[in-house]
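Peer 1: Spelled out from the first residue to the last, the chains are:
Protein chains: 2
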Amino acid sequence: MPHPNDPTLRSFIDVDATSDFPIQNLPYGVFSSNGRASRVGVAIGDHVLDLCELEQAGRLDVGDPGVFARPTLNAFMALGPTVWSRTRARISELLRHDHPELRDNSELRARALLSMADVKLHLPFQVAGYTDFYSSKEHAANVGVMFRGKDNALQPNWLHMPIGYNGRASTVVVSGTKVRRPRGQLKPPGAEVPSFGPCKRLDFELEMGFVVGQPSKMGEMLTEKQAAEMIFGFMILNDWSARDIQQWEYVPLGPFQAKAFATSISPWIVTREALEPFRMHGPAQNPAPLPYLKQHLPNNYDMQLDVSLRAAGMNEAMRICRTNFKYMYWSSVQQLMHHASSGCAMNIGDILGSGTISGPDKNSRGSLLEISWNGTEPVELPGGAKRTFLEDGDSLVMRGWCQGDGYRVGFGEVEGTILPAE
Amino acid sequence: MPHPNDPTLRSFIDVDATSDFPIQNLPYGVFSSNGRASRVGVAIGDHVLDLCELEQAGRLDVGDPGVFARPTLNAFMALGPTVWSRTRARISELLRHDHPELRDNSELRARALLSMADVKLHLPFQVAGYTDFYSSKEHAANVGVMFRGKDNALQPNWLHMPIGYNGRASTVVVSGTKVRRPRGQLKPPGAEVPSFGPCKRLDFELEMGFVVGQPSKMGEMLTEKQAAEMIFGFMILNDWSARDIQQWEYVPLGPFQAKAFATSISPWIVTREALEPFRMHGPAQNPAPLPYLKQHLPNNYDMQLDVSLRAAGMNEAMRICRTNFKYMYWSSVQQLMHHASSGCAMNIGDILGSGTISGPDKNSRGSLLEISWNGTEPVELPGGAKRTFLEDGDSLVMRGWCQGDGYRVGFGEVEGTILPAE
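Chains as they are written, first to last, in my numbering: chain Y, 459 to 880; chain E, 459 to 880.
Please note that a few of the clues may not be correct.
No copy labels: a pair is met if it fits in one copy or bridges any two.
[Unchecked claim] No farther apart than 27 Å at their CA atoms in a straight line, the calculated lysine-lysine pairs in the DSSO-like style are these:
id, residue 1, residue 2
1, LYS645, LYS608
2, LYS595, LYS675
3, LYS578, LYS675
4, LYS578, LYS595
5, LYS636, LYS675
6, LYS578, LYS636
7, LYS752, LYS645
8, LYS752, LYS658
9, LYS595, LYS683
10, LYS675, LYS658
11, LYS578, LYS608
12, LYS658, LYS820
Please keep in mind that the hints were generated in silico from the structure rather than gathered at the bench.
Pulled out of the complex, with its shape left as it was, chain Y reads as follows:
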């Protein structure tokens, strides 16, 4: 049987070369349709393959009946990497153009293949914990230059470990969820005392996130191999940020309410296996990481990312950032090894966010803070509007994909529209 990543594979379902969801991808999500309960599906072209229906028809057996009838991927993730891989291979087989089992069963196809337009996508897993890193050197340096000047741009610890903090898991939402402008304490320059009100410097952060699919025990460290095998898959993540709330609150314990109001993720979890063909080495790390952070394999990914803004009142979106996940200084595997290094237990459903992904160029900056250089260089939009930060009614879309030869392994999008503070 050909490997599910084989670039020559074709499905009996027509998939455009620019689709994010060819047969080489097969990302998992949770959907509902026709008033039925949420369940697990896989994206293929413009369709969703209902794994519940396949299982009930006796065409998909992962050894845990009903695992796809649940409203989250957590139980499926708990089955482990061998089952993840076997399941993907079986789904690939069922969708192949030269495999008749589903292709020629019109009754089953009618039940199991739904048009993407007819389903509602949900948060794909129950978020156990959410940790956010800060692993793009370009982003850390941009922010450092803005706030501390060129000579002290990177903090002394930054090159020695993936700096991160615990985020708030309760407000991780799926793409399409509207985001209410947060309120908080603000103390703009010159103000004598803080006031409480709607954030005035609302920003996005373009990130990739990954979800931990296997747990680790309290007190145990992880090898590179163990960490890699715990990663179920990746998603695009928008770490919405209230810059003014953050500025006043973050010393000395870090960002708190400035990041707690919402974090949006893309609905389809692209498996680590599907991204294998796009793995590459990251930037050289100098100084060499301490032994517990050493990696011997390429753990970065050549993944194109872009951000578009449709300002309130505009008909079309304008691209404001184009970058690549490959620029990340610290890899996802290193983030996970560092996270467990103190003995911190990792749980199924933990999200680890990469941190804002900025690249070397001006148009590859992954936040408005950087794009508008702390509000001093507004973005000019078609029709004459300008933006330094996000305004009510603005809609932001992030997309990401790995470009294969004649196909893409993509993520779809993560979209969020800003509602006014109540």
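Chain Y is already provided as a structure; the job is to place chain E on it using the hints.
Peer 2: Chain E in isolation, oriented as in the chain Y frame:
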């Protein structure tokens, strides 16, 4: 029927005046015994009352059959404050010396009343999120003086809001769980580069925690009344801290691996209702809190707290701290109002930690960092041993209670013993 807080109430079970668990308390926990599955109980004197047995015997009906047969309190908490209050009143009635229903039913007593010595206590609820505050002015000032000098002791934001950060929920453990000394990156003064190894400055932090028993919605703020009614109960919390890991990692995103390896809580959740008689106003707040943080009711508690250390090789513990929860500058209710103020959703099972509770005196400091004044004033132990920070084999016990007239409403203890790094 007398109110369950009535100080004249007596149980048919003998309870010593110095017991933490008189009939005026009735804290909830999760226990197992005789190889049976974990279930919900209430502490009374030296006994545990098995709520499962009471329910099955038709003596306790909270409208959700089987809610006490679960291994966590989450489902019971979900029933809300009216049910919490009614349930406590009914349990109080069943335990009263002048109520025959359980007292005179020897068969039910034999099944439902277990000796505390015969049960194993478990983590009482599934921890959804763990947020740690920093709300003792004395603690913040002590740390500030040590690291920034007397004139800059408090950060500019500290008097304006309860400063906090997201902690790590996956390593919250119940009293009695051994704590492995964490490893991490260390860069002691004078070192050119960091190294990785066992923490050398392992500390405790004496805190109170409370558990959120009712959720709030994303995007919604809380009034003082709403916040108070969401609090199910309180526990003692030891926020184990690796001072050397923290020192190197915490700028600019706050404590991360330095606090991620373990957080210990006491096994009995003392309800907010049981603590009502001990409510009092906290210290005057100057400047006046912004309107969203204003409180009109007394939200502090007169609760005595102490910490004892039994160093490795010592037979008895020595008290090293005696303080009171009443000193907290920001109340639990204010912490919760602030937490939700950005629109952050709160979940059933969220823990909010008070932050280290230090008092005005030298012997009321709630961490070894303060007690040993950053390692410069070692604690002298019986037998000649000294401690600046915790050593392998050391055991730490925290206790807390509110003193009534002839009875105590107490928490039991939270104990943890340090295992060597592997």
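Peer 1: At most 27 Å between C-alpha atoms: does LYS595 with LYS675 qualify within a copy, between copies, both, or neither?
Peer 2: neither (31 Å within a copy, 36 Å between copies)
Peer 1: If the cut is 27 Å between Cα atoms, do LYS675 and LYS658 qualify within a copy, between copies, both or neither?
Peer 2: So LYS675 and LYS658 pass the 27 Å test across copies only (23 Å; inside, 42 Å).
Peer 1: Pop the pair LYS578 and LYS636 into one bin, within, between, both or neither, using alpha-carbon distances up to 27 Å.
Peer 2: Answer is within; shortest intra-copy Cα gap is 15 Å, inter-copy 46 Å.
Peer 1: Checking an output row: LYS752 and LYS658, CA cutoff 27 Å. Within, between, both or neither?
Peer 2: between (41 Å within a copy, 23 Å between copies)
Peer 1: At 27 Å max between alpha carbons, let me know whether LYS578 reaches LYS675 within a copy, between copies, both or neither.
Peer 2: between (36 Å within a copy, 21 Å between copies)
Peer 1: Pop the pair LYS645 and LYS608 into one bin, within, between, both or neither, using alpha-carbon distances up to 27 Å.
Peer 2: both (25 Å within a copy, 24 Å between copies)
Peer 1: As a check of your reading, is LYS578 near LYS595 (CA-CA no more than 27 Å) within one copy, between copies, both or neither?
Peer 2: Result: close neither inside a copy nor across copies, 37 Å intra and 49 Å inter.
Peer 1: Between copies, within a copy, both or neither: which fits LYS752 and LYS645 at Cα up to 27 Å?
Peer 2: between (42 Å within a copy, 19 Å between copies)
Peer 1: Should LYS658 paired with LYS820 be assigned to within, between, both, or neither, using CA atoms and 27 Å as the limit?
Peer 2: within (24 Å within a copy, 44 Å between copies)
Peer 1: Are the CA atoms of LYS578 and LYS608 at most 27 Å apart within a copy, between copies, both, or neither?
Peer 2: Classified as neither: same-chain Cα gap 47 Å, cross-chain 58 Å, threshold 27 Å.
Peer 1: Check LYS636 against LYS675 for me: Cα-Cα at most 27 Å, and say if that holds within a copy, between copies, both or neither.
Peer 2: Between. Shortest inter-copy distance 14 Å satisfies the 27 Å Cα cut-off; intra-copy 36 Å does not.
Peer 1: If the cut is 27 Å between Cα atoms, do LYS595 and LYS683 qualify within a copy, between copies, both or neither?
Peer 2: This pair counts as within: shortest intra-copy Cα distance 25 Å, inter-copy 46 Å.
The structure is inconsistent with the numbered hints 2, 4 and 11, although it conforms to all the rest.
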